[in-house]
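Novice: Chain by chain, the residues run as shown.
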Amino acid sequence: MGTEFKESIQKAVNNANLTGALGKFSEAYKVNRAKAYEGIDFEELRGRIAELKSYAASNLEMLSEQFTRNAEACGAKVFRTNDPARVREYILKVAQDNGVTTVVKSKSMATEEIHLNPFLEKAGISVGETDLGEWIIQLAGQTPSHMVMPAIHMTKEEVSDLFSKEVNERLTSDIPRLVRVARNELRPRFLEADMGISGGNIAVAETGSIVLMTNEGNARLVTSLPKIHIALIGIEKLIANYADIATILKALPRSATAQLLTSYVSIITGPTPNTDGSMKDLHIILMDNRRSEMAADPKFRQALQCIRCASCLNVCPIFRLVGGHVFGKVYTGGIGTILTAWFDELKKSEDIQGLCIQCGTCRDVCPGKIDIPELIMEIRRRLVLEQGLPLLQQAIYSVVNNRTLFHGMLRAAALAGKPFTTGKFVRHLPLFLADLTDGRSLPAIAAEPFRDRIKGIKQPKCKEKAAFYSGCLIDFAYPEMGEALVKILNKAGIEVLFPLDQTCCGAPARYNGAYEVAAGNAVDNIRALLSEDVQYVISACPTCTVALDHEFISTFESLGLTEWIAKARELAGKTVDFSTLVKKLVDKGRLSLKDGNILGKITYHDSCHLKRTLKVSEQPRELLQKAGYELTEMFECDICCGMGGSYSLKLPEISAPILQRKLKNIKETGAPVVAMDCPGCVMQIRGGMDQDGANVNVRHTVELLAEQLRE
Amino acid sequence: MLYQQFKMRAEGVSAEVYRYATGDAALSGLIEFLQREGLADKPCASALWADCSFLAGFDRNALKMIAGLKFEVTRELASEARFGISQMEWALADTGSLVQNSTAIAQRLVSSLPTIHIALLPTSNILPDMPALLSRINPKESAYIAMITGPSRTADIERVLTIGVHGPERLVIFCVDGLGGTN
Chain B
1 MGTEFKESIQ KAVNNANLTG ALGKFSEAYK VNRAKAYEGI DFEELRGRIA
51 ELKSYAASNL EMLSEQFTRN AEACGAKVFR TNDPARVREY ILKVAQDNGV
101 TTVVKSKSMA TEEIHLNPFL EKAGISVGET DLGEWIIQLA GQTPSHMVMP
151 AIHMTKEEVS DLFSKEVNER LTSDIPRLVR VARNELRPRF LEADMGISGG
201 NIAVAETGSI VLMTNEGNAR LVTSLPKIHI ALIGIEKLIA NYADIATILK
251 ALPRSATAQL LTSYVSIITG PTPNTDGSMK DLHIILMDNR RSEMAADPKF
301 RQALQCIRCA SCLNVCPIFR LVGGHVFGKV YTGGIGTILT AWFDELKKSE
351 DIQGLCIQCG TCRDVCPGKI DIPELIMEIR RRLVLEQGLP LLQQAIYSVV
401 NNRTLFHGML RAAALAGKPF TTGKFVRHLP LFLADLTDGR SLPAIAAEPF
451 RDRIKGIKQP KCKEKAAFYS GCLIDFAYPE MGEALVKILN KAGIEVLFPL
501 DQTCCGAPAR YNGAYEVAAG NAVDNIRALL SEDVQYVISA CPTCTVALDH
551 EFISTFESLG LTEWIAKARE LAGKTVDFST LVKKLVDKGR LSLKDGNILG
601 KITYHDSCHL KRTLKVSEQP RELLQKAGYE LTEMFECDIC CGMGGSYSLK
651 LPEISAPILQ RKLKNIKETG APVVAMDCPG CVMQIRGGMD QDGANVNVRH
701 TVELLAEQLR E
Chain E
1001 MLYQQFKMRA EGVSAEVYRY ATGDAALSGL IEFLQREGLA DKPCASALWA
1051 DCSFLAGFDR NALKMIAGLK FEVTRELASE ARFGISQMEW ALADTGSLVQ
1101 NSTAIAQRLV SSLPTIHIAL LPTSNILPDM PALLSRINPK ESAYIAMITG
1151 PSRTADIERV LTIGVHGPER LVIFCVDGLG GTN
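Chain order of the listed sequences is B and E.
The opening residue of the first sequence carries number 1 in the working numbering; numbering runs sequentially from there.
The opening residue of the second sequence carries number 1001 in the working numbering; numbering runs sequentially from there.
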């Protein structure tokens, strides 16, 4: 990552105004969004949106033609181009042909995308933004930090300074007063403007209609008062049918601002009369700018299902720390990373794609059903294909892909009796490259890894057998978790086998875009785990479980390694996470927890992969309560702890405040124990608690349950 | 009951909702409201009424006698009027929205430039939701379909909800029973 980029992050996380405003907003948004969607089947709704937008993405050319035909039949002039330069020239020509000197704009991200304002201004045309947020950043000479709330990063004091300069009067920071100033300042500009420029939230092929939504009412004025109206619309806004407007309008305001509907919605179909009785000169520009190319890409086509609500920004634990400007000048946040890689260039996303911690929160709320984290991973993969891996990472992965060498090194480090932070090689291994002790202690490498310890465990001979996939952390840092798991399964009459050839699950490589390495790991693990005749492959690490259950398959698919896909599916079919299996065993009466225990308060941290990829959240809670714990939920129990594998090492300036927030939420429950199902989360949170000095016991669910088995 | 739901939703976004049994009652209610709110024949106090079917039942010349109430809509008059009055064709119960074919510019001027927008609505034209609306209104015949849900608002400064930016600060809805409406 570039120094400049690192500095921009540092600056953002240290900007208390920014993090305070975004933090408060993200908390309120979550509650308000849920309220706005009350009584609505969100999954059903987003299924319909994904379907209709995906249809549109597959038929962009046909819908563009149909839109053009219908809009022109109503009297609009439609201009289609792939090239942002031609969009700018077209708008300038319309302006010059009509003697336009002043333009008013309602908010349009497409015009930001092509940097229209500076272009027109250079040609001597005055351009006024009228959306309050856009006007503020225009006065400040900045770019939007959020697609829906462009000036969310600014305080009322900063706004009052800007407005004071503009009106030559010292204003206070009273917000209603500031809003009134904006109304009074902008009103004459609307009335005098020669041309109005807008974006468009939806373009309907069937009727040639465009749909504009605002809360302030500026789009109504921009489209009504000047005699010329130009609407610039990216072709991803096309939908086939007029009736489908209702589907988009049901989700867009709810997801964007937690409103049932924006104050104003205008559906414009052809020119309308001006105040002097003449007809509006209506131009609609359908801009491609690589959207068709995106549609032709099997992976990225789904990004065109975006309806630009920005909910992926609003729920992102990283966005709320760093804000939009770290992401760049136009599109920000999760979807912004993807759009930047396409509409700008792949290389531009090199730094910002690394901001994603892969927690999956955005995937759950996206009304277009876009798998944003997966697409960001795909960007990583393509960057690596294009540029190769950095040398250090190449060195690391050459080790990880050689199990004997990799494990040998871990053992050597254990012999040295040193924690992960030291040890010449070990600290550069993907999960463990740990120059970071800031705010978090790291565990020592176990003197005897689980793969050795299991040989000493006396197990009953059972007909039913499970293969245990430990993952590196349980094997080499927390072997006691593995022992606890064996104890529990034995009690239920299941014998645990530990195929010794198992190795790293490949997640660290995959999350860094090194798919070839991940595929090598996958092949080794498939061979090892399918070599035994077992009923289950069980893991107590959700990241590993996701690798076994989903990612081996998708890695092979991405690389076209079709010969391995059947085997990967066979393994996926047997794979189960610890809590899910144990819950089933308890429900079937094959396993009993001690009765009548009163173990006191406990709180539970949901690990990202367990909750959002494996969809497991109730099972561990029910088991812990059955064991006798009194569950007290923490605030934001399912927000990432900031570990994210090697993320915490690459971006400690972001990981650390996320961890601090998590620690605070845990401590505020007053529970002396916090449970979780992921050894990575244990490493992060236990280390954090240790540094914090708080008297909170950080445990894996497997350890807590093993203590409460009925004899 | 669609009216109840509409009223609740509209009030939920800061609109004011009144209901009258007849056109006559609504008219007197409207005039009373205007006068209470300072209607006068001077800038920032006048009212502009855009042509609508509701007016067909009344003597417009008699109404013109009321000081400050005007029926000629221009952008100049609209931008200095305190009140804009128009008739909406439909409403949506589930979002508290008003809907109008606003192709005629006068309809948009009176509902967007004045400080207070007074919307007349036939109570019988409250529809359940957006799909019900879209199946009834053909965009080829309504070049500018306007939906209005509460007064103009912003939260662009520190996410603080503030009413009245570029559009009206108040939206006052007069639901009128027994008004066939334009449909």
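Keep in mind the hints are simulated off the structure, nothing from the lab.
Where hints are given, some of them may not hold.
Partial list, computed: chain B residues near chain E (C-beta under 8 Å) [what the hints assert, rightly or not]:
no., residue
1, 77
2, 209
3, 267
4, 272
Heads up, the beta-carbon is just placed ideally off N, CA and C, and yes, glycines get one too.
Novice: If a hint holds in the structure, say so; if it does not, say that too.
Specialist: Evaluation of the provided hints:
1. 77: Check failed: Cβ of residue 77 of chain B comes no nearer than 15 Å to chain E, outside 8 Å.
2. 209: holds (5 Å)
3. 267: Holds - the Cβ of residue 267 of chain B comes within 8 Å of chain E, reaching about 4 Å at its closest.
4. 272: Since chain E brings a Cβ to about 5 Å from residue 272 of chain B, closer than 8 Å, the hint holds.
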